[in-house]
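*Asks:* So the sequence lines, in the order shown, correspond to chains L and V.
Take the first sequence: its letters are residues 9 to 318, numbered as in this note's numbering.
Take the second sequence: its letters are residues 5 to 322, numbered as in this note's numbering.
Hints are computed from structural coordinates only; laboratory data are not their basis.
Heads up, a few of these hints could be off.
Stated by the list, open to error - Simulated DEER-style distance windows between Cβ atoms:
#: 1; chain 1: L; residue 1: 143; chain 2: V; residue 2: 129; range: 44 to 52 Å
#: 2; chain 1: L; residue 1: 145; chain 2: V; residue 2: 88; range: 47 to 55 Å
#: 3; chain 1: L; residue 1: 88; chain 2: V; residue 2: 176; range: 54 to 62 Å
#: 4; chain 1: L; residue 1: 225; chain 2: V; residue 2: 118; range: 45 to 53 Å
Stated by the list, open to error - What the simulated footprint calls covered on chain L by chain V, stretch by stretch (three residues with Cβ under 8 Å from a Cβ of chain V suffice, anywhere in the stretch; the number is not a length):
#: 5; stretch: 133-140
#: 6; stretch: 244-253
#: 7; stretch: 274-280
Stated by the list, open to error - Here chain V is said to cover these stretches of chain L; the calculated rule only asks that three of the stretch's residues, wherever they fall, bring their Cβ under 8 Å from a Cβ of chain V:
#: 8; stretch: 152-163
#: 9; stretch: 173-186
#: 10; stretch: 257-264
Source: prediction; values computed, not measured.
Virtual Cβ for every residue (Gly too), placed ideally from N, Cα, C.
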Amino acid sequence: MSIISSDDQELLDPLPSREEGYGTEEIRQTAARASTRAKKRGRLTFWLAFGFLALLAFLAVFADVLPFIDPYDEGQILDSKEPPSAEHWFGTDKNGRDLFSRCIYGARVSLSIGAISVVIGLFFGGLLGLMAGFYRRRVDSVTSTVMDVILAFPPLILALTIVTFRGQSVPNVIIALSVLSIPALTRLVRANTMVFSQREFVLASRSLGAKNGRIIFKEILPNVVPPMLSFALTGLAVLIVAEGALAFLGVSVPPPTPTWGAMIWDGRDQLDDAWWISMAPALVMFLTILSVNLLGDVLSQRFSIKENVG
Amino acid sequence: MRYVGQKLIQLVIVVVAVTFLTSMLLRLLPGDPAVFKAGPGATEEQLEEIREDLGLNDPIPVQYVKWLGDFLTGDWGISTQANTPIFDLIKDRLPVSILIMVYAQILALLIAIPLGILAAYRSGSLSDRAVNTAAFGMLSIPNYVIAVVFVLIFAIRLGWFPATSKYYNPFTDPVEHFQAFFLPVLTIAIGLAAGYTRLLRADMIGTLQNDFVTMARSKGMSTKRILFGHALRPSSFSLITAAAVNIGVLIGGTVIVEQTFQLSGMGYLTVFSIGVRDYEVVQAAVAIFALIFVLANFFVDLAYGWLDPRIRHARALA
Numbered sequence: 009m010s011i012i013s014s015d016d017q018e019l020l021d022p023l024p025s026r027e028e029g030y031g032t033e034e035i036r037q038t039a040a041r042a043s044t045r046a047k048k049r050g051r052l053t054f055w056l057a058f059g060f061l062a063l064l065a066f067l068a069v070f071a072d073v074l075p076f077i078d079p080y081d082e083g084q085i086l087d088s089k090e091p092p093s094a095e096h097w098f099g100t101d102k103n104g105r106d107l108f109s110r111c112i113y114g115a116r117v118s119l120s121i122g123a124i125s126v127v128i129g130l131f132f133g134g135l136l137g138l139m140a141g142f143y144r145r146r147v148d149s150v151t152s153t154v155m156d157v158i159l160a161f162p163p164l165i166l167a168l169t170i171v172t173f174r175g176q177s178v179p180n181v182i183i184a185l186s187v188l189s190i191p192a193l194t195r196l197v198r199a200n201t202m203v204f205s206q207r208e209f210v211l212a213s214r215s216l217g218a219k220n221g222r223i224i225f226k227e228i229l230p231n232v233v234p235p236m237l238s239f240a241l242t243g244l245a246v247l248i249v250a251e252g253a254l255a256f257l258g259v260s261v262p263p264p265t266p267t268w269g270a271m272i273w274d275g276r277d278q279l280d281d282a283w284w285i286s287m288a289p290a291l292v293m294f295l296t297i298l299s300v301n302l303l304g305d306v307l308s309q310r311f312s313i314k315e316n317v318g
Numbered sequence: 005m006r007y008v009g010q011k012l013i014q015l016v017i018v019v020v021a022v023t024f025l026t027s028m029l030l031r032l033l034p035g036d037p038a039v040f041k042a043g044p045g046a047t048e049e050q051l052e053e054i055r056e057d058l059g060l061n062d063p064i065p066v067q068y069v070k071w072l073g074d075f076l077t078g079d080w081g082i083s084t085q086a087n088t089p090i091f092d093l094i095k096d097r098l099p100v101s102i103l104i105m106v107y108a109q110i111l112a113l114l115i116a117i118p119l120g121i122l123a124a125y126r127s128g129s130l131s132d133r134a135v136n137t138a139a140f141g142m143l144s145i146p147n148y149v150i151a152v153v154f155v156l157i158f159a160i161r162l163g164w165f166p167a168t169s170k171y172y173n174p175f176t177d178p179v180e181h182f183q184a185f186f187l188p189v190l191t192i193a194i195g196l197a198a199g200y201t202r203l204l205r206a207d208m209i210g211t212l213q214n215d216f217v218t219m220a221r222s223k224g225m226s227t228k229r230i231l232f233g234h235a236l237r238p239s240s241f242s243l244i245t246a247a248a249v250n251i252g253v254l255i256g257g258t259v260i261v262e263q264t265f266q267l268s269g270m271g272y273l274t275v276f277s278i279g280v281r282d283y284e285v286v287q288a289a290v291a292i293f294a295l296i297f298v299l300a301n302f303f304v305d306l307a308y309g310w311l312d313p314r315i316r317h318a319r320a321l322a
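Same shape as in the complex, but just chain L:
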């Protein structure tokens, strides 16, 4: 997950190869101009990403009452494999179901499963990380060992195994994805907690007679929340991808509930005469993940804190 960290603090040419002299003033001006341009570009992409996600969420929430979203299961066999048109924006699938509305209903499943799993991950990862980072010693070593064991399973295999052996259902998919998200968040929160518990305001609070619980939740937690949240966005993208992978392999929520991953898999056999069946959900999914990653990138630049501590 850490691959998607921000590194956009542009540096000037490391190997000065240009002929013009490098006056300090000149460098400063160029740098300033470049950064204003970068900021403008950044703001635009930020709002595009935000707008796309807001639109998708709006459509998903109000799918039942919006007039242009057909109920996806009212298919007529006659309309099977229609290419994208004014009537069916994304075309129809093999069973004549409208792909646009299936993508929207799929967004419901994928986004809500992803979001719920992230929240569960934030809660347990946050709690465990705070405890391990604050109390250290035995609490820390037990927590870290458990997390090491979870991380010893390849992520997709772990999720696949949990859903397979517990049965395919929405709660079990959420459990599997939460298990994936907890170790990373625990580590992040633990590292941040360790840094903040050394700070003077914690000492001040303690010398005023504050109890551990108060220090953890009133002093440390507010400082740990920003990095947690920016990491959670990256985590959301990873979990949406993971849910899609499970669905692609046929191990997520069972059909006929539409999920993006399963729709992509279903269209795979018909790529030669109806490419849109796979490509429509693939495109929606790509834009969603791209938007979430962009937002996460912006946030993590705001609240970046070194993770490798302790």
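Fit chain V to the supplied structure of chain L, relying on the hints for placement.
*Replies:* Just chain V now, with coordinates in the frame of chain L:
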């Protein structure tokens, strides 16, 4: 040496925990695992026999030790679906998956190293921005989407590669071997390469600020030599860490591409066995995947400590 010892102890703990959890998987199934294995309509006697056979009547520690003993001696049970020993099923399929993973890792590095160096050397330029944006975009495309897009373009539209592949022996049919593996391997490699490129670029920009680079330059050394000979090595530590962390991504990727391209490897076997509820095969496959992952991480940890003296000393002092 103490570092190796410590890592070995950790390895043993994790292996025990992982195999223990795997051995308990059948108990997670809702209901009686024996009913699953026997199928509907089994008599109580048959069920009892299966329970005895699976060791479900023993206390849990005994069950685990028995399971581990069987596992270590290659006695993994019989696949109910294929009616052959599970060991044989896995033995035939494991090389396919391992080859896919090794090829993908190599290809990803072959793509990422030149691109990362180019982007870092020309940082801020148009080519840098193009590489960086493309990498960011590629990181947002799940590998199963890449796989399907590749099938559409290269197999169906252009017809350059088969849409569903078969495993060919690399020594007897090298051409078919690489043709069959090309799309699956490229699918996994692209996502990895995007991550590696960004990491290498960031580290390389830092390295190029160093005095020794200016020094080399003032001596008149060629740019190529500075970049590849001097700057690459100190810039590659995050890359190596990422390559290790990504073994998990590789394993996930091989499951996805084996399924998409119908390549008969471990991932294909696992997903197929899930579909037909052949849970013992899944159990054995999970154990193998986890052990590969744990062992690979162990060796990378060792190699990492050996490559970067700073780590060795930091650990020794701690």
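*Asks:* Regarding residue 88 (chain L) and residue 176 (chain V), is the given constraint of 54 to 62 Å on their beta-carbon distance met?
*Replies:* violated (44 Å)
*Asks:* 44 to 52 Å was suggested as the range; check whether the CB atoms of residue 143 (chain L) and residue 129 (chain V) agree with it.
*Replies:* Hint holds: Cβ distance 50 Å, inside 44 to 52 Å.
*Asks:* Can you tell me if the stretch 152-163 of chain L counts as covered by chain V, using C-beta to C-beta distances under 8 Å and a minimum of three residues?
*Replies:* Coverage by chain V holds here, the residue count being 7 at a Cβ distance below 8 Å.
*Asks:* Under 8 Å between beta-carbons, do enough residues of the stretch 257-264 of chain L, three at least, approach chain V for the coverage claim to hold?
*Replies:* Coverage by chain V holds here, the residue count being 3 at a Cβ distance below 8 Å.
*Asks:* Take the stretch 244-253 of chain L, compare each residue's beta carbon with every beta carbon of chain V, and decide whether three or more fall closer than 8 Å.
*Replies:* The restraint on the stretch 244-253 of chain L holds, since 4 of its residues have a Cβ under 8 Å from chain V and three suffice.
*Asks:* Establish whether the coverage given for the stretch 274-280 of chain L by chain V is satisfied; the threshold is a Cβ-Cβ distance below 8 Å, and no fewer than three residues must meet it.
*Replies:* Coverage by chain V holds for the stretch 274-280 of chain L (4 residues, Cβ < 8 Å).
*Asks:* Take the C-beta atom of residue 225 (chain L) and the C-beta atom of residue 118 (chain V), compute their distance, and say whether it sits inside 45 to 53 Å.
*Replies:* Since residue 225 (chain L) and residue 118 (chain V) have Cβ atoms about 50 Å apart, the given range 45 to 53 Å holds.
*Asks:* Is the coverage entry for the stretch 173-186 of chain L by chain V consistent with the three-residue Cβ rule at 8 Å?
*Replies:* This one holds; 3 residues, not fewer than the three required, reach chain V with a Cβ under 8 Å.
*Asks:* Can the stretch 133-140 of chain L be counted as covered by chain V under the rule of three residues or more with Cβ-Cβ separation shorter than 8 Å?
*Replies:* Coverage by chain V is violated for the stretch 133-140 of chain L (0 residues, Cβ < 8 Å).
*Asks:* Look at the Cβ atoms of residue 145 (chain L) and residue 88 (chain V) and judge whether their distance stays inside 47 to 55 Å.
*Replies:* holds (51 Å)
Checked against the numbered hints given earlier, this structure breaks hints 3 and 5; the rest are met.
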